[in-house]
Amino acid sequence: MRSPEAGASPRFLRSGFGAGLAAAAFLAALFGSLCLGAAPIAPQKVLAALASRFFPGVHADPIAVTIVWELRLARTLVAGVSGAALGCAGAVLQGLFRNPLADPYALGVSSGASLGAVAALAFRIASPIAAVGAVQALSFAGALAAAALVWAVARSGRSRAPGASLLLAGAAIGSFLAALVSLIVTFDQRDLQRVFFWLLGGFGGKSWTDLAAALPGTTVSILIALALARPLDIMGAGEEAASSLGLDVGRTRALAVASSSLGAAAAVSAGGVIGFVGLLGPHLARLLVGSGHRRLIPASAATGAALLMVADAVARSIAAPLELPVGIVTALVGAPLFLRLLARRGPSGVEQ
Amino acid sequence: MKAVSVARGLACGYPDRPVLDRVDLELREGEVLALIGPNGSGKTTLFRTLSGELPPLGGEALLEGPKGLLQAQCLSRMERAKIVARVLQTEWPSWPASVRSYVEAGTFAATGWFGAPGAEERRAVDEALEAADLGSLASRPVTELSGGEFRRVLVARALAQRPRLLLLDEPAADLDLGRQMEVLGLLRDFAARGRAVALSVHDLNLAALVADRVALLSHGTLAAIGAPREVITAETIAAAYGATVLVGDHPLSDLPQVIHAPSWLERGGKG
Numbered sequence: 001m002r003s004p005e006a007g008a009s010p011r012f013l014r015s016g017f018g019a020g021l022a023a024a025a026f027l028a029a030l031f032g033s034l035c036l037g038a039a040p041i042a043p044q045k046v047l048a049a050l051a052s053r054f055f056p057g058v059h060a061d062p063i064a065v066t067i068v069w070e071l072r073l074a075r076t077l078v079a080g081v082s083g084a085a086l087g088c089a090g091a092v093l094q095g096l097f098r099n100p101l102a103d104p105y106a107l108g109v110s111s112g113a114s115l116g117a118v119a120a121l122a123f124r125i126a127s128p129i130a131a132v133g134a135v136q137a138l139s140f141a142g143a144l145a146a147a148a149l150v151w152a153v154a155r156s157g158r159s160r161a162p163g164a165s166l167l168l169a170g171a172a173i174g175s176f177l178a179a180l181v182s183l184i185v186t187f188d189q190r191d192l193q194r195v196f197f198w199l200l201g202g203f204g205g206k207s208w209t210d211l212a213a214a215l216p217g218t219t220v221s222i223l224i225a226l227a228l229a230r231p232l233d234i235m236g237a238g239e240e241a242a243s244s245l246g247l248d249v250g251r252t253r254a255l256a257v258a259s260s261s262l263g264a265a266a267a268v269s270a271g272g273v274i275g276f277v278g279l280l281g282p283h284l285a286r287l288l289v290g291s292g293h294r295r296l297i298p299a300s301a302a303t304g305a306a307l308l309m310v311a312d313a314v315a316r317s318i319a320a321p322l323e324l325p326v327g328i329v330t331a332l333v334g335a336p337l338f339l340r341l342l343a344r345r346g347p348s349g350v351e352q
Numbered sequence: 353m354k355a356v357s358v359a360r361g362l363a364c365g366y367p368d369r370p371v372l373d374r375v376d377l378e379l380r381e382g383e384v385l386a387l388i389g390p391n392g393s394g395k396t397t398l399f400r401t402l403s404g405e406l407p408p409l410g411g412e413a414l415l416e417g418p419k420g421l422l423q424a425q426c427l428s429r430m431e432r433a434k435i436v437a438r439v440l441q442t443e444w445p446s447w448p449a450s451v452r453s454y455v456e457a458g459t460f461a462a463t464g465w466f467g468a469p470g471a472e473e474r475r476a477v478d479e480a481l482e483a484a485d486l487g488s489l490a491s492r493p494v495t496e497l498s499g500g501e502f503r504r505v506l507v508a509r510a511l512a513q514r515p516r517l518l519l520l521d522e523p524a525a526d527l528d529l530g531r532q533m534e535v536l537g538l539l540r541d542f543a544a545r546g547r548a549v550a551l552s553v554h555d556l557n558l559a560a561l562v563a564d565r566v567a568l569l570s571h572g573t574l575a576a577i578g579a580p581r582e583v584i585t586a587e588t589i590a591a592a593y594g595a596t597v598l599v600g601d602h603p604l605s606d607l608p609q610v611i612h613a614p615s616w617l618e619r620g621g622k623g
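Top to bottom, those sequences are chains A and B.
Using the numbering used here, the first residue of the first sequence is number 1, and each one after it goes up by one.
Using the numbering used here, the first residue of the second sequence is number 353, and each one after it goes up by one.
So here's chain A without its partners, still in its complex pose (with noise of 0.2 Å):
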């Protein structure tokens, strides 16, 4: 049952005031990540070194200037366009399969990516694509690859309910590709570190070219998943009185599959395995803004962008000069967040 509580959500939240929350909590994270790190900048030398590069007249401090340009920015921007990409796939989940516990990687995309990623640093495979590092074009691939045979096997069978096949191929198949991972780490273990570091995720040392990189992807699953937004809240009443209301369900089943996939793909990618994010983004932004798709994506983007950038900054500066993997301080700060919602309105306020 639902928690005496589950209702009483201060309803002005569920307005345009929760969507300017989330777009402010968006920005203010931005800006803070800008500010921390091993070497904390005071926020109007930031504000001044971003403007030096538009007005030739502002007079910034020039190591601020390299800071900010040459190494915060680019990293804050590929942990925000991951963390948007995670929270959109997350609410894209969620609403396709009616279940608050879907996040991105409910559909192998994890596996996959690691067992790219691994395979590429013990087989000394080479890149495709020159700009881009053979752990991110491989880990890119496989995640795409085994949501294509998550999905090619879920509709191989006859099943009568062909959300449940997708999510139980998905938890079948990243099982089994996990244990590849496990296998190749067992027999080759010169890169343990590096698998290790790279499960665990990261975003240091990540550049323009690394933005570049991820852009194409997270875009083109945030811009499929928004065309969702009416789909997804039909699809709340069930697969089969969702069809009774005109509703395709298989092809609103294919395109959430392929918005997710490919946005979690470009995500882990271009900062590794990171927890989380996908689950804790809907829920937030769902506290903000309501159920409704048409709010709830943009606003999922925004609180994913948001939890990943404040992540990556506080995983920066906490130990200095030390750098912690990210996937450790989304899961350190994400769960007890994500417990206290849950004890507090119950998941999302559905009845279960």
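By construction, these hints were calculated from the structure, which means they are not laboratory data.
For clarity, every value in this text was computed on a predicted model and none was experimentally measured.
No residue lacks a Cβ here, since even glycine has one placed at the ideal position from N, Cα and C.
All the pointers check out, no bait thrown in.
Computed from the model, here is a short list of chain B residues facing chain A with C-beta under 10 Å: (1) 405; (2) 428; (3) 436; (4) 439; (5) 444; (6) 446; (7) 449; (8) 457; (9) 468; (10) 513.
The hints should help you fit chain B onto chain A, whose structure is shown.
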């Protein structure tokens, strides 16, 4: 009376499990038809096939569209949704959407993927909320409604779809007896405006009260169809349900009403 849905020699079910065979049936404008039959006799399967959701295993399931009677299978989902609306028994809400936005989903076939409800669709939603007596609940989250209230939301959403044919699975099942009469009255009004209504119902007395014709499914086929008096008799009920009942008259009309007559009463009480 014009038929909106026609079944001719219809066989329906699932490839590995045929359910019904040799069904001939017309659902006509201005008429309420009650579909009765034991658990698992194929009421929902028949609705799925008539609405074009499930392909027939044999025979024909036709729907009257703008271009005349066509195989339901040949129409697109959007076209079908403009002709037939369904109320399922198994639906439950996933997210705390407001009652109003839930009912608004009924306008999806009219507006499509990217459209937002226009003035006409909003009026359809307002009328549906009013008809189902949901005006005061319009902004409540659907996850906070009682089972009976949610059932009325589903009926309202089907009305907002502005269909010519309404197919309902057990619309009265979770309602108290006051609300049952309200919803059945709503269905009678809908039929009186020239639409076709078919509902599955377990309560034979409700079937007799609401329906112009009753159709009985049993033993894999349409066992009887006709006026309530013709179909609901002690003999047909015994044959279909294996239960002993007495059938009498409603005190205010000549409609049949069914009374249980279990064996322990014949033996002289519950002792």
